[in-house]
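Participant: Chains A, B, C and D supply the protein sequences, listed in that same order.
FYI, the numbering for the first sequence is 1338 to 1648, going by our numbering.
FYI, the numbering for the second sequence is 1338 to 1648, going by our numbering.
FYI, the numbering for the third sequence is 1338 to 1648, going by our numbering.
FYI, the numbering for the fourth sequence is 1338 to 1648, going by our numbering.
Heads up, some of the hints might be wrong.
Claimed, not checked - Over 10 angstroms on every C-beta distance to chain C, these chain A residues come out as not near it, computed from the model:
#	residue
1	R1462
2	A1479
3	G1527
4	L1567
5	G1575
6	G1600
Said to hold, decoys possible - With a straight-line Cα cutoff of 30 angstroms, these simulated DSS-like cross-link-like pairs (lysine-lysine) come out:
#	chain 1	residue 1	chain 2	residue 2
7	A	K1484	B	K1640
8	A	K1484	D	K1484
9	C	K1640	A	K1640
10	C	K1484	D	K1640
11	D	K1484	B	K1640
12	B	K1484	D	K1640
Stated by the list, open to error - Not the full set, but computed from the structure, chain A residues with beta-carbon under 7 angstroms of chain B:
#	residue
13	E1375
14	A1391
15	M1422
16	T1450
Hints are computed from structural coordinates only; laboratory data are not their basis.
Don't be surprised by glycine CBs; every beta carbon is placed ideally from N, CA and C.
There are 4 protein chains.
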Amino acid sequence: MTVAAPLTGVVPPVCTPLTPEREVDVPGLLRLVDHLVEAGVHGLFVLGSTSEAAYLTDRQRRQVVQSVTAHVAGRLPVLAGAIDMTTPRVLDHVAAVTSAGADAVVVTAPFYTRVHPAETARHFRLVAERSPVPVIAYDIPAAVHTKLPAGLVLELAADGVLAGLKDSSGDLAGFREVVTGARGLSGDTGFAALTGSELVADAALALGADGAVPGLANVDPHGYVRLYRLCRAGDWAGARAEQERLCALFGMVGVGDPARMGGSSSALGAFKTALHLRGIIPSATTADPQVPLSPQETEQVGKYLAAAGLL
Amino acid sequence: MTVAAPLTGVVPPVCTPLTPEREVDVPGLLRLVDHLVEAGVHGLFVLGSTSEAAYLTDRQRRQVVQSVTAHVAGRLPVLAGAIDMTTPRVLDHVAAVTSAGADAVVVTAPFYTRVHPAETARHFRLVAERSPVPVIAYDIPAAVHTKLPAGLVLELAADGVLAGLKDSSGDLAGFREVVTGARGLSGDTGFAALTGSELVADAALALGADGAVPGLANVDPHGYVRLYRLCRAGDWAGARAEQERLCALFGMVGVGDPARMGGSSSALGAFKTALHLRGIIPSATTADPQVPLSPQETEQVGKYLAAAGLL
Amino acid sequence: MTVAAPLTGVVPPVCTPLTPEREVDVPGLLRLVDHLVEAGVHGLFVLGSTSEAAYLTDRQRRQVVQSVTAHVAGRLPVLAGAIDMTTPRVLDHVAAVTSAGADAVVVTAPFYTRVHPAETARHFRLVAERSPVPVIAYDIPAAVHTKLPAGLVLELAADGVLAGLKDSSGDLAGFREVVTGARGLSGDTGFAALTGSELVADAALALGADGAVPGLANVDPHGYVRLYRLCRAGDWAGARAEQERLCALFGMVGVGDPARMGGSSSALGAFKTALHLRGIIPSATTADPQVPLSPQETEQVGKYLAAAGLL
Amino acid sequence: MTVAAPLTGVVPPVCTPLTPEREVDVPGLLRLVDHLVEAGVHGLFVLGSTSEAAYLTDRQRRQVVQSVTAHVAGRLPVLAGAIDMTTPRVLDHVAAVTSAGADAVVVTAPFYTRVHPAETARHFRLVAERSPVPVIAYDIPAAVHTKLPAGLVLELAADGVLAGLKDSSGDLAGFREVVTGARGLSGDTGFAALTGSELVADAALALGADGAVPGLANVDPHGYVRLYRLCRAGDWAGARAEQERLCALFGMVGVGDPARMGGSSSALGAFKTALHLRGIIPSATTADPQVPLSPQETEQVGKYLAAAGLL
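Isolated chain A, as found in the complex (with noise of 0.2 angstroms):
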């Protein structure tokens, strides 16, 4: 199956449960797929920061693919992340999702290394030229510590370098320019804006998003269904208490103690706990070094799920 043109809906990144000896849990990755699927979403992004591709080894990203793309077997699209620090090394990836069978893939600027615009540009362009695939940017300076320039992203958007953004940078007003800059090349590029934010996912799609990648939405895949249609539907109104819904609930990524662990253990803790009282996947495990939560923090992520009449 080839990615839609543009791209648009609910995309979550799908987390990667784990055994407790910490290898992919392929039974539990595919529970929580049809879990997904049947909620409606309209794409899955394996191997991105939720699915803690930042911990997973090339073996494990091979198998976390090859499993999602078969068991799909072409029902939506499979976007997935080559995450990796330059450009050689991300090729490789490229190499292996794609010979997996995935349908788009999702590439950050460089990290580790200090970059330069220049730099991040000709790394898209080298990875665009090589990939069988569509490119689709991955925005996300919390993590790579650089933010993509809106000017760079149309640049290469115009030139078919990128497919896409996916804008996790939490700056709406940037996101917009790129939404509203893109809009000129709609026609044939189908260049597809998704926010990666969990909470203001009305106010993208209401500025001209073309979808949303919640990580949230691996824990209330059917909030975000409802919320993308009430916003296609015009209701702002319901689409607002929707998401006022779904940012309480979000509030769960807090309960790590910030004394004893960082945020990517409080968080995706906390979404796998939460899809494991859910009772759709058999463990919390979360990758090494992450840091567990504790019962008093999972007794916690219950009470959030409760509160969201989702437990």
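For chain A, the structure is supplied; the task is to place chains B, C and D on it using the hints.
Facilitator: Using the frame of chain A, we list chains B, C and D on its own:
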């Protein structure tokens, strides 16, 4: 060969010469190694930041370690970087470089993901548990965006987790805290405190560092070996004069036009260009997506070499 | 006049016209105030960042507040910034601007010094205790280098310490948390949640903001008043079209050459140049050490005005 | 008295003792000055960061400078900070402190506003033009969030704009570039390169610094005077031992609980507590909104003093 306890002296982070097609130039690499060994360096560090480890594929990384360890054949210790985002991925690199013959591994804090000091500690503990060779912490906030706290390094050193520190943080006061604090430990654990600074190596040695890992030692290994011996001999005036000559030479890292390229392209481009101009490697090619130096910038590198008496 | 409870609508942060000798141009300032009031704005904010408060001496600050409050004479509320590093210095400004007639004060977190959330909370509590008028928190991390946590703002609002928030953080998700969380409070405390964004004011109003404080409203107050009314009327398509027109106009803040000047020089220079080209103020002079726009850059500002139908 | 050309030696940034009501405790301040002068310091720096200048009102700032200059009566040079956001406000402070008797002014880059190196240069040029006394640049990125580039400092030194640098950046390599580069200038301009480091003052002096401005010299001026003399005598082993003793003493800045207070509260609180415990000032009160040390934290400061032989 095993790592001296503790490792001391000048340990250059070895550049990785590339062919114009951006493959590892193995003969060039071995010529560079000979150039360093003949100058009297005390160890070699491959697959560090100066080695463009962030840009090398796994296949290329293996090629580098295998060629160098086979060529060096135990004459001096070979440290290898195992640079990746998190514990599971780092462990794959540890396995690869140690099976290729590395005498020690050099490991950073996790990056890309938002990390907590407790998770960084856990990361080093897990890596050390499974590494067949000593683990040296690599403090490089410019790349990983967190600083290793001195207290954490000392705690891990006391527990035998870390065999040393390569400090590329630029924070000499923090490094001093490690050097002073590790003094009590030096008995059997053999903790090696190594500065990554090109510019205040004399000061670091004066306050008690065991050695230096300066990228510029690729270009002028004799200079850094001389500097090390002057410091060890207590000839601080002589050391300062030599250090100031090396500081002037280091100015070459700024030749790249900041409107056209980032700091890596400029610094690594200058080192490789200098090695090329000195006749040690056949091509100054750097890895993608870095931008090459222009002819004018190349000429400037030559002027730095000439001023330092190296051309 | 006291501040409406809560303050709502469009509240421009008023530019401070300067003479070529860099004294406050009082007649120019009052002409600008008239231009804003006639456009239907709902309040005025003097001595904010857009007012170049950081560049005005204490004497000039007093001059600004006195002239504006006397001229406005209670027709609409006048908020005044009390921008300084810490509590004792802020309190001096609070005394000065309130004795000059300000209806509310706008106060940032401490800056220059390394501050802790507990100290920021203490700062607002001490200021509010001694301020004769309501205190509005000013969240502007680009200037003060800390972000006001939503939880802290809500706690201070619940305790009656803060009468509102001006959010110039660019973080719409965080702002939403304040807006939603303050809803329970709105009864008697009258908390006003104001966005400082020029670019997503429509989104902020859609999610429940009480008003907007956009610097660009100096240049096009009619546009922002229109936008506010469209939002209040629930005409989201109309609001989006007006907002997109204003976004295009806002492009003027980027006319300054980044090789020659910083973001303040460019943005404040563009606003003042636009006011000058529109015939509202006699000189586009900005305060020292800012760099003035070149003739070519000035011409570009004119093109932005023409494209927006303002020239 | 005029500033020596160049200024050399130990120049403590003088703490500002406060009464429990948070007014300047003038007798306490003068007792502290006597304590410093009797220990043999070479100059005094009032209204710096360690002096809590960011927390003092304009009235209190004047009080400090007047009291100290009158008391010192030309026996040694008195430098005064003119700490504020931009040129016009800094110039008001320059006028105030010089009319109160300061022999030189210490000025940072602009802050709060987004600044460009060209504007920073313009700032120092404008201040120097109108200052009746020499201007010393204060490089303190932790407070102002930009770093003074070495090249800029040297350019301004060569043009006679700057009479010196107080480097509190923690970047010894950058400081070295200024020290080395200023050597050619030393003839008549008399540029003074002063380190603000408590912890690597020996290293800074070894590489050519003219003097040191360590906050900890309030607590142990004899130690820093001894350190300075050992360095000048070329007794580097002795200097290192003294420096390591002072490093251990400096550990006191970390006594404050990071869950309860920020770095300023902890460090300034520890210095003032130490002065109080040593019987030099009557109260350890710090300015608002800083948080005071607890009895347990106060006790810990005492232990640091005892371990260093100061109690």
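Participant: Evaluate each hint against the coordinates.
Facilitator: A quick look at each hint next to the structure:
1. Interface exclusion of R1462 of chain A from chain C stands, the closest Cβ pair being 23 angstroms apart, more than 10 angstroms.
2. Consistency note on A1479 of chain A: stated as away from chain C, and its beta-carbon is indeed over 10 angstroms from all of that chain's, at 12 angstroms minimum.
3. The Cβ of G1527 of chain A sits about 22 angstroms from the closest Cβ of chain C, beyond the 10 angstroms cut-off, so the non-interface label holds.
4. Listed as outside the interface, L1567 of chain A is consistent with that label: its C-beta sits roughly 13 angstroms from the nearest C-beta of chain C, beyond the 10 angstroms cut-off.
5. Taking the minimum C-beta to C-beta distance to chain C, about 13 angstroms, the non-interface status of G1575 of chain A holds against the 10 angstroms cut.
6. In this structure G1600 of chain A is separated from chain C by more than 10 angstroms, as the shortest Cβ-Cβ distance comes to about 14 angstroms.
7. The suggested pairing of K1484 of chain A with K1640 of chain B is violated, with an alpha-carbon distance near 36 angstroms, which exceeds 30 angstroms.
8. Simply put, K1484 of chain A and K1484 of chain D have alpha-carbon atoms about 21 angstroms apart, close enough for the 30 angstroms limit, and the pair holds.
9. At roughly 56 angstroms between alpha-carbon atoms, K1640 of chain C and K1640 of chain A are farther apart than 30 angstroms, so this suggested pair is violated.
10. A threshold of 30 angstroms between alpha carbons decides the hint, and for K1484 of chain C with K1640 of chain D the separation of about 36 angstroms lies outside it, so the pair is violated.
11. Distance hint between K1484 of chain D and K1640 of chain B is fulfilled; the C-alpha atoms sit about 28 angstroms from each other, no more than 30 angstroms.
12. Distance hint between K1484 of chain B and K1640 of chain D is fulfilled; the C-alpha atoms sit about 28 angstroms from each other, no more than 30 angstroms.
13. Taking 7 angstroms as the C-beta contact cut-off toward chain B, the hint placing E1375 of chain A at the interface is violated, the least distance being around 30 angstroms.
14. Annotation: A1391 of chain A was flagged as interfacial toward chain B, and the flag holds, the nearest CB pair being 4 angstroms apart, inside 7 angstroms.
15. Because the beta carbon of M1422 of chain A sits about 4 angstroms from the nearest beta carbon in chain B, less than 7 angstroms, this interface hint is met.
16. Residue-level restraint check for T1450 of chain A holds (minimum Cβ-Cβ distance to chain B is 5 angstroms; threshold 7 angstroms).
This entry does not satisfy hints 7, 9, 10 and 13, going by the numbered hints stated previously.
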